[in-house]
Amino acid sequence: MAKEDFKKFIIYSLFLGVLILPIVGFPGRSFEAARAFTIWGGIVGILALWLLNKTIRHSDMYQRTAAHLAPLRSTVLRKFTKFPTRYYIFLLLIAVGSYPLLANNYMIDVGITCLIYIVLGLGLNIVVGLAGLLDLGYIAFYAVGAYSYSLLNLHFGISFWLSLPIGIVIGAICGCIIGYPTLRMRGDYLAIVTMGFGEIIRLVLNNWDKLTKGPNGLLGMSKPELIYPAFSKGDFEWVVYSLKSLHALYYLMFVIAILTVIGVRRLDNSRIGRAWVAIREDEVAAELSGVPTTWLKLLAYAMGAAFASVVGAFFAAKLSYTNPNFFIFMESCIVLCIVVLGGVGSIPGVILAGIILIAVPEVFRELQDYRMLAFGLAMAVMMVLRPEGLIPATRRKRELHDMSESTPED
Amino acid sequence: MDNASFIIQQLINAIFLGSIYSLIALGYTMVYGIIELINFAHGELFTAGAFIGIIVLAALQNIGFVETHFVLTLILVFGMAMAYVAVLGVAIEHVAYKPLRKASRLAAILSALGMSIFLSNGMMLSQGVSDRAYPAIFGLKGFSILDARIAYGQIFIVILSLVLMVTLNMFVNWTRLGKAMRATAQNQTMARMLGIDIDRTIRVTFMIGPALGAAAGVMVGMYYGSVRFDMGFIYMIKAFAAAILGGIGSIPGAVLGGMIIGGVEVLWSAFLPSEWKDVTTFVVLILVLYLKPSGILGEHVSETRV
Numbered sequence: 001m002a003k004e005d006f007k008k009f010i011i012y013s014l015f016l017g018v019l020i021l022p023i024v025g026f027p028g029r030s031f032e033a034a035r036a037f038t039i040w041g042g043i044v045g046i047l048a049l050w051l052l053n054k055t056i057r058h059s060d061m062y063q064r065t066a067a068h069l070a071p072l073r074s075t076v077l078r079k080f081t082k083f084p085t086r087y088y089i090f091l092l093l094i095a096v097g098s099y100p101l102l103a104n105n106y107m108i109d110v111g112i113t114c115l116i117y118i119v120l121g122l123g124l125n126i127v128v129g130l131a132g133l134l135d136l137g138y139i140a141f142y143a144v145g146a147y148s149y150s151l152l153n154l155h156f157g158i159s160f161w162l163s164l165p166i167g168i169v170i171g172a173i174c175g176c177i178i179g180y181p182t183l184r185m186r187g188d189y190l191a192i193v194t195m196g197f198g199e200i201i202r203l204v205l206n207n208w209d210k211l212t213k214g215p216n217g218l219l220g221m222s223k224p225e226l227i228y229p230a231f232s233k234g235d236f237e238w239v240v241y242s243l244k245s246l247h248a249l250y251y252l253m254f255v256i257a258i259l260t261v262i263g264v265r266r267l268d269n270s271r272i273g274r275a276w277v278a279i280r281e282d283e284v285a286a287e288l289s290g291v292p293t294t295w296l297k298l299l300a301y302a303m304g305a306a307f308a309s310v311v312g313a314f315f316a317a318k319l320s321y322t323n324p325n326f327f328i329f330m331e332s333c334i335v336l337c338i339v340v341l342g343g344v345g346s347i348p349g350v351i352l353a354g355i356i357l358i359a360v361p362e363v364f365r366e367l368q369d370y371r372m373l374a375f376g377l378a379m380a381v382m383m384v385l386r387p388e389g390l391i392p393a394t395r396r397k398r399e400l401h402d403m404s405e406s407t408p409e410d
Numbered sequence: 001m002d003n004a005s006f007i008i009q010q011l012i013n014a015i016f017l018g019s020i021y022s023l024i025a026l027g028y029t030m031v032y033g034i035i036e037l038i039n040f041a042h043g044e045l046f047t048a049g050a051f052i053g054i055i056v057l058a059a060l061q062n063i064g065f066v067e068t069h070f071v072l073t074l075i076l077v078f079g080m081a082m083a084y085v086a087v088l089g090v091a092i093e094h095v096a097y098k099p100l101r102k103a104s105r106l107a108a109i110l111s112a113l114g115m116s117i118f119l120s121n122g123m124m125l126s127q128g129v130s131d132r133a134y135p136a137i138f139g140l141k142g143f144s145i146l147d148a149r150i151a152y153g154q155i156f157i158v159i160l161s162l163v164l165m166v167t168l169n170m171f172v173n174w175t176r177l178g179k180a181m182r183a184t185a186q187n188q189t190m191a192r193m194l195g196i197d198i199d200r201t202i203r204v205t206f207m208i209g210p211a212l213g214a215a216a217g218v219m220v221g222m223y224y225g226s227v228r229f230d231m232g233f234i235y236m237i238k239a240f241a242a243a244i245l246g247g248i249g250s251i252p253g254a255v256l257g258g259m260i261i262g263g264v265e266v267l268w269s270a271f272l273p274s275e276w277k278d279v280t281t282f283v284v285l286i287l288v289l290y291l292k293p294s295g296i297l298g299e300h301v302s303e304t305r306v
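Protein sequence lines correspond, in order, to chains A and B. Its first residue numbered 1, the first sequence is counted upward by one per residue in my numbering. Its first residue numbered 1, the second sequence is counted upward by one per residue in my numbering.
Extracted from the complex, chain B is given alone in its bound form:
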């Protein structure tokens, strides 16, 4: 493999990984923007999405649906995973976040963490401790540019995440509900005075953010071929680093941060020992928080928030 194709290969890998991190980071950023709380259960919601994907896919494969209606299968898998996780997100918000909206921050964080532990163990008990194999529907088919192999699965995943991001951006910028979300993020009290239903806005945020995470979960499962109940943890940290790097609360920032984190990780694994690659993410996270806590595209973060 010559240099050019090596670069192309790594670039494709970076974009692929970056788009997954971006999707998860969007969930963090949206929730943080609205209620100024990190949704600790986000990593578990991501995993739940992956599991629902596996369940739906296996069921469709059993009845031989995948071979006959390939596109419909994809829509069903992603749609059901996202819908389920959206409902789960709302449920978590109702149980663990809503009653603590006025309580101290420590209480809210601990409750979120408790929810995360609960979900992770719930998935472990119901879905088993070991890796579960994802039904391979894309196979290894793909094409080559120079010597670089690009799987159709990768292309599909990158395109789907782009579509989701653009849709989200349109939703937030152009619809009434999106406007309400932006207003709530800016100033909750004022938004309430102007007649915006804060509870509903928060509920919608808790549907959209986790749903994007669920889509990322299905993508990870489809691409890597297996899911595990605790895989959300490492993705959560990376996506969080992405959200912080881009500037928490900013939607383009989350995408940018995700791409950078993905790029750094791919670069690291390409040239340096890959068992240390997770450490780099933590180091990036700590450096960003130390040097520029508002991130690249973030607004000024006040003292009390950080």
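Here chain A stands alone, though its shape is the one from the complex:
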């Protein structure tokens, strides 16, 4: 057994050497041995750690210790899960709510970005997680939201709050436009077509100079405003409070995020949510059981698009600026990564993954360049090793593990 592993280790190392040395070693015209061999060495080191880990896990001593520790582990786990979920939610709300009081401006900005991506992830979760329709052009709806708010505000002076419902409707219509031709498709065809739609929307925004000012983008949208009555010295008047400060924007986004979580949760447990899951599992059977698959698939697209549209409008309002390059394909990939790593169909998973994927690269700035590299690898590795995600949705976990017939340790 160990000998076999060692052989594998040697073969993989050499194989990776062949792959890595040429492409990494020639950033310019000459071979940079130091750079190439350092990276190769690092990867071989990781492989060696894997070998070590495997050897230890197979050793008698480890297995005996693990057998001793197993009951302890399960009692600790049980203690934690016994604690009602609402306490955790309460703690989380307090932590997220008090975060801007403790953080500086930069960190609040990161917090807002996190919340934006969490809402995007939750919206995509409806399409991918519940209805099982892979959408690679999701960021297009975000763009639709951002641009519809920008245009409405710049041309007609419509306020943020009024343009939200309009943006939601436009987003939902776009969702249906994309959804309708793809109703008959599944899997990889759907993925490519939605990717194409995402690019079409970006290209339209980029090329339609008259309306969108092309790559220069739109500038100067007003911030969201709150209007509240004030009574001073017996006089009654309306006061306009513009949400300009980062704190105010953070709390606005926080409210949007909470509403999204509640909304998605309600959808998940509703008749519609169950119908979506039925479509995901077996479309023919769902149709035969009387589920109106066509409408529900369109609804899934429209719902997902509506959430993205809301955040898009918020994003445009926050920056007072949009341009088509905010909405490239990579952004769709990031949102999809959040959904996949968190666990397809799982709300806490998406929240956790959103925080990890957006905040961690911001905190470690020097790792920023390696962000997408790590995301891509994590996505592939996750699918192979733990397809149910970080925090699996209970339903999903059961079905994935039934299918592969493997018995995981936990």
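Mixed in with the good hints there might be a few duds.
Unchecked claim - A few chain A positions that, by computed beta-carbon distances, are all more than 12 Å from chain B:
# : residue
1 : Arg64
2 : Leu133
3 : Asn206
4 : Phe254
Stated by the list, open to error - DEER-style ranges, computed between Cβ atoms:
#  : chain 1 : residue 1 : chain 2 : residue 2 : range
5  : A       : Tyr180    : B       : Met193    : 49 to 59 Å
6  : B       : Leu267    : A       : Tyr228    : 51 to 61 Å
7  : A       : Leu16     : B       : Leu177    : 23 to 33 Å
8  : B       : Phe6      : A       : Thr38     : 13 to 23 Å
9  : B       : Ile234    : A       : Ser30     : 55 to 65 Å
10 : A       : Ile43     : B       : Gly195    : 30 to 40 Å
11 : B       : Asn3      : A       : Thr38     : 55 to 65 Å
12 : B       : Leu177    : A       : Ser270    : 51 to 61 Å
13 : B       : Arg192    : A       : Ser13     : 28 to 38 Å
14 : A       : Ile11     : B       : Leu194    : 22 to 32 Å
15 : B       : Leu194    : A       : Ala285    : 29 to 39 Å
16 : A       : Gly220    : B       : Phe143    : 50 to 60 Å
To be verified - Selected chain B positions facing chain A (Cβ under 8 Å, derived; list incomplete):
#  : residue
17 : Ile38
18 : Ala48
19 : Leu106
20 : Leu113
21 : Met115
22 : Phe118
23 : Asn121
24 : Ser126
25 : Ile150
26 : Tyr152
27 : Ile155
28 : Trp174
29 : Phe233
30 : Leu272
31 : Trp276
32 : Val288
Hints listed in this document are in silico derivations from the structure and should not be mistaken for laboratory results. Where a beta carbon is used, it is the ideal one built from N, C-alpha and C, also for glycine.
With the hints as your guide, set chain B onto chain A.
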């Protein structure tokens, strides 16, 4: 320039672009035919081929090999790019596709997509964000028919892609391994029962398809004079549209589809605003999938596949 030479010029451009799309589309079609999965990383493999081409070419230019042994240089550049990408293709198959062969389709697609993101960013980190200039070895030399300029580079590229396509067709139709590939594509379980090594067949497919893509990558680099880490994306979509249009899983279909997509694109840029030309490809793709998902030469695609 009169009408006749304009038509000839556009025709040459269309054939040239079409043969590049065809080569990439062949990679999709072959992989899809065997494992019924779109290789999302194909566009990145194409780009990797272009980068290896640039590396080999620059190295050969440094030692003054290009001037003395021109033909040998071409063979070396294309050969090494194709060999490297074939190895890369097998590696990807082993890491990202093989463990998921029995898993759900969503898992396989996501893993493929993850691999694609990984490769694209790996190339960005190792080769830089900006365009890299390709050493010009063909120059601008060429000849004229009427007023139409035809570069030797274009002619060479079209001939090379024809040779590659014919070789592929011969390989698939006449060799034992090709027969095994066709059998596996038709019915994997039955092929396994008849003693065909499925794993090996899939591995070979993952070598040939990406290698063709790599050749296309080197051609694009040589002709347009620069490569970029993310250029694979747009070629991937176009080649995919070509593969679907021709009928996915069908080798002549991929070539036909590639030629049609190339033709449409050239026609569009000739007469209509060229910044919208990428949109046309998407529209063609969506129309084909909506109206005739099995494509022109494809067999009937069952409900579950589409």
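Hints, verified against the model:
| no. | hint | result |
| --- | --- | --- |
| 1 | Arg64 | holds (30 Å) |
| 2 | Leu133 | violated (10 Å) |
| 3 | Asn206 | violated (8 Å) |
| 4 | Phe254 | holds (30 Å) |
| 5 | Tyr180/A <-> Met193/B: 49 to 59 Å | violated (43 Å) |
| 6 | Leu267/B <-> Tyr228/A: 51 to 61 Å | holds (60 Å) |
| 7 | Leu16/A <-> Leu177/B: 23 to 33 Å | holds (26 Å) |
| 8 | Phe6/B <-> Thr38/A: 13 to 23 Å | violated (54 Å) |
| 9 | Ile234/B <-> Ser30/A: 55 to 65 Å | violated (31 Å) |
| 10 | Ile43/A <-> Gly195/B: 30 to 40 Å | holds (37 Å) |
| 11 | Asn3/B <-> Thr38/A: 55 to 65 Å | holds (60 Å) |
| 12 | Leu177/B <-> Ser270/A: 51 to 61 Å | holds (53 Å) |
| 13 | Arg192/B <-> Ser13/A: 28 to 38 Å | holds (31 Å) |
| 14 | Ile11/A <-> Leu194/B: 22 to 32 Å | holds (29 Å) |
| 15 | Leu194/B <-> Ala285/A: 29 to 39 Å | holds (33 Å) |
| 16 | Gly220/A <-> Phe143/B: 50 to 60 Å | holds (55 Å) |
| 17 | Ile38 | holds (4 Å) |
| 18 | Ala48 | holds (7 Å) |
| 19 | Leu106 | holds (6 Å) |
| 20 | Leu113 | holds (7 Å) |
| 21 | Met115 | holds (5 Å) |
| 22 | Phe118 | holds (3 Å) |
| 23 | Asn121 | holds (4 Å) |
| 24 | Ser126 | holds (5 Å) |
| 25 | Ile150 | violated (31 Å) |
| 26 | Tyr152 | violated (25 Å) |
| 27 | Ile155 | violated (28 Å) |
| 28 | Trp174 | violated (30 Å) |
| 29 | Phe233 | holds (7 Å) |
| 30 | Leu272 | violated (12 Å) |
| 31 | Trp276 | holds (6 Å) |
| 32 | Val288 | violated (10 Å) |
Consistency with the previously given hints fails for numbers 2, 3, 5, 8, 9, 25, 26, 27, 28, 30 and 32, ordered from lowest to highest.
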